[in-house]
Amino acid sequence: MTKVTYIEHNGKEHTIDVQNGLTVMEGAVQNDIPGIDADCGGSMACATCHVYVKDEWYDKLDEKSEGEDDMIDQAYEPKKNSRLSCQIIVSDKTEGLIVYLPEKQV
Amino acid sequence: MIKTDALIIGAGPTGLFTAHQLKIIGLDCQIVDNLDKIGGQCIELYPDKPIYDIPAIPECTGEELTQNLIKQLEPFKIKFHLNERVDEVKKDNNNWEVRTSNGTKFSTPNVIIAGGVGSFEPRKFSLKECEQFENKSIFYSIKDKKIFEGKTVTIFGGGDSALDWAVELSKTSKVNLIHRRDEFRGANATVDKVHELTKSGKINLYTKYQLSGIKGSSNLESVEITHENKEVKEFKTDYILGFFGLIMQLGPIANWGLNLNKKTIEVDTEKFETNQKGIYAVGDICTYPGKLKLILSGFHEGALAARACFKLARPNEKYRFEFTTSSKTIKNRLGVKSD
Numbered sequence: 001m002t003k004v005t006y007i008e009h010n011g012k013e014h015t016i017d018v019q020n021g022l023t024v025m026e027g028a029v030q031n032d033i034p035g036i037d038a039d040c041g042g043s044m045a046c047a048t049c050h051v052y053v054k055d056e057w058y059d060k061l062d063e064k065s066e067g068e069d070d071m072i073d074q075a076y077e078p079k080k081n082s083r084l085s086c087q088i089i090v091s092d093k094t095e096g097l098i099v100y101l102p103e104k105q106v
Numbered sequence: 001m002i003k004t005d006a007l008i009i010g011a012g013p014t015g016l017f018t019a020h021q022l023k024i025i026g027l028d029c030q031i032v033d034n035l036d037k038i039g040g041q042c043i044e045l046y047p048d049k050p051i052y053d054i055p056a057i058p059e060c061t062g063e064e065l066t067q068n069l070i071k072q073l074e075p076f077k078i079k080f081h082l083n084e085r086v087d088e089v090k091k092d093n094n095n096w097e098v099r100t101s102n103g104t105k106f107s108t109p110n111v112i113i114a115g116g117v118g119s120f121e122p123r124k125f126s127l128k129e130c131e132q133f134e135n136k137s138i139f140y141s142i143k144d145k146k147i148f149e150g151k152t153v154t155i156f157g158g159g160d161s162a163l164d165w166a167v168e169l170s171k172t173s174k175v176n177l178i179h180r181r182d183e184f185r186g187a188n189a190t191v192d193k194v195h196e197l198t199k200s201g202k203i204n205l206y207t208k209y210q211l212s213g214i215k216g217s218s219n220l221e222s223v224e225i226t227h228e229n230k231e232v233k234e235f236k237t238d239y240i241l242g243f244f245g246l247i248m249q250l251g252p253i254a255n256w257g258l259n260l261n262k263k264t265i266e267v268d269t270e271k272f273e274t275n276q277k278g279i280y281a282v283g284d285i286c287t288y289p290g291k292l293k294l295i296l297s298g299f300h301e302g303a304l305a306a307r308a309c310f311k312l313a314r315p316n317e318k319y320r321f322e323f324t325t326s327s328k329t330i331k332n333r334l335g336v337k338s339d
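Sequence order for the protein chains is S and Y. With this note's numbering as the guide, the letters of the first sequence map in order to residues 1 to 106. With this note's numbering as the guide, the letters of the second sequence map in order to residues 1 to 339.
Everything labelled a hint here was simulated from the structure, so no lab data went into it. For each residue, glycine too, the CB sits at the ideal point set by N, CA and C. It is possible that part of the hints are untrue.
Claimed, not checked - What the simulated footprint calls covered on chain S by chain Y, stretch by stretch (three residues with Cβ under 8 Å from a Cβ of chain Y suffice, anywhere in the stretch; the number is not a length):
no. : stretch
1   : 32-41
2   : 71-82
What the hints assert, rightly or not - Straight-line alpha carbon distances no greater than 30 Å define the calculated BS3-like cross-link-like pairs of lysine-lysine that follow:
no. : chain 1 : residue 1 : chain 2 : residue 2
3   : S       : K104      : Y       : K233
4   : S       : K80       : Y       : K233
5   : S       : K64       : Y       : K49
6   : S       : K64       : Y       : K262
7   : Y       : K151      : Y       : K105
8   : S       : K54       : Y       : K193
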């Protein structure tokens, strides 16, 4: 189990224990955290699990998947630290990861 | 008013195979889809991506799957209503009265929602001020390119639509192309062409910029863009085009009195019927305990919903289960010779 903190657009924080091997998206969906839609179910075919990764974490994560940036182009208000949460896999390396949820997904 | 035994909303793989199942058992049906082509997510989101979990098909792309499903439907001459979104579903005695965005009206005892994750709509600029100029000076698709002749057009986006239109409009308009990063996701040849036109001064290219403001009163006057490093630029423009791909929205389905669970519709697993008699949901849009969002699940759900439709469409007849391998009646419907 690894702690991941999701911060909603309104500032509300949720710190959740997510099982290693799951994605940051799955951690949110399974724990009913509002603000992540994940319409396509994690196949990188939509951009509705978009998150902003806290700056100091952004470079520590594995590189973006091929094609991830193409989908982020289609996200709501993408920024430099944008990621699709279905492409971030939770592991010991991500203990304490903090992600911000955008105002909305669509 | 078009009368039909069943109306299918959504022309993705599930909607297509559901139509096949309805026709096999002798019911007629028509299909409505908001997109301009048949295939749903398979065509819109991943036409070239291989799929490996369709039973008996080791590998096929979204486009191939769609083509095969269309071929399987050929004997039935199904009527498609593309580019139309179902806006209203109303009870009328024993039938449902359905109206589309184009004003087409249907009367049917059975409505099958095979709507995937809702209808595809263009993603718009998040800036509030853009709304008042929408369809006047700000567009998300182009119907008549003549209006841009001799004008300044500012295009946002990095995919094929943005690049294709930048190249095309640069012949007759002053074009600014703006994208949030250096890489483009369009076809290589088009990306090369854009760089070539940028060098020769036909396109003004700004990368790592995003829209941050617009100015104008009755007409749009100027656009303001901001770089990743916060540097701001402002220039005059007559038109703004945004090409950020399509997003999926449940849309009007949310207003039909159905029990919803997040963005999905609750159904039973016998008929795939919703809480409204005669309205079914199949494929990605339906939910029940154990639901898997797989194409093969949609096929199964459609087959069962089709049988449920029989009762309401032919109240005085008895449905008889038959195999396509042996039934003379089914072979007649398919237009193939029986042995």
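Hint check:
no., hint, in the structure
1, 32-41, "holds (count 4)"
2, 71-82, "holds (count 6)"
3, K104/S with K233/Y, "holds, 27 Å"
4, K80/S with K233/Y, "holds, 19 Å"
5, K64/S with K49/Y, "holds, 19 Å"
6, K64/S with K262/Y, "holds, 28 Å"
7, K151/Y with K105/Y, "violated, 40 Å"
8, K54/S with K193/Y, "violated, 37 Å"
Hints 7, 8, counting from the list given before, are not met by this structure.
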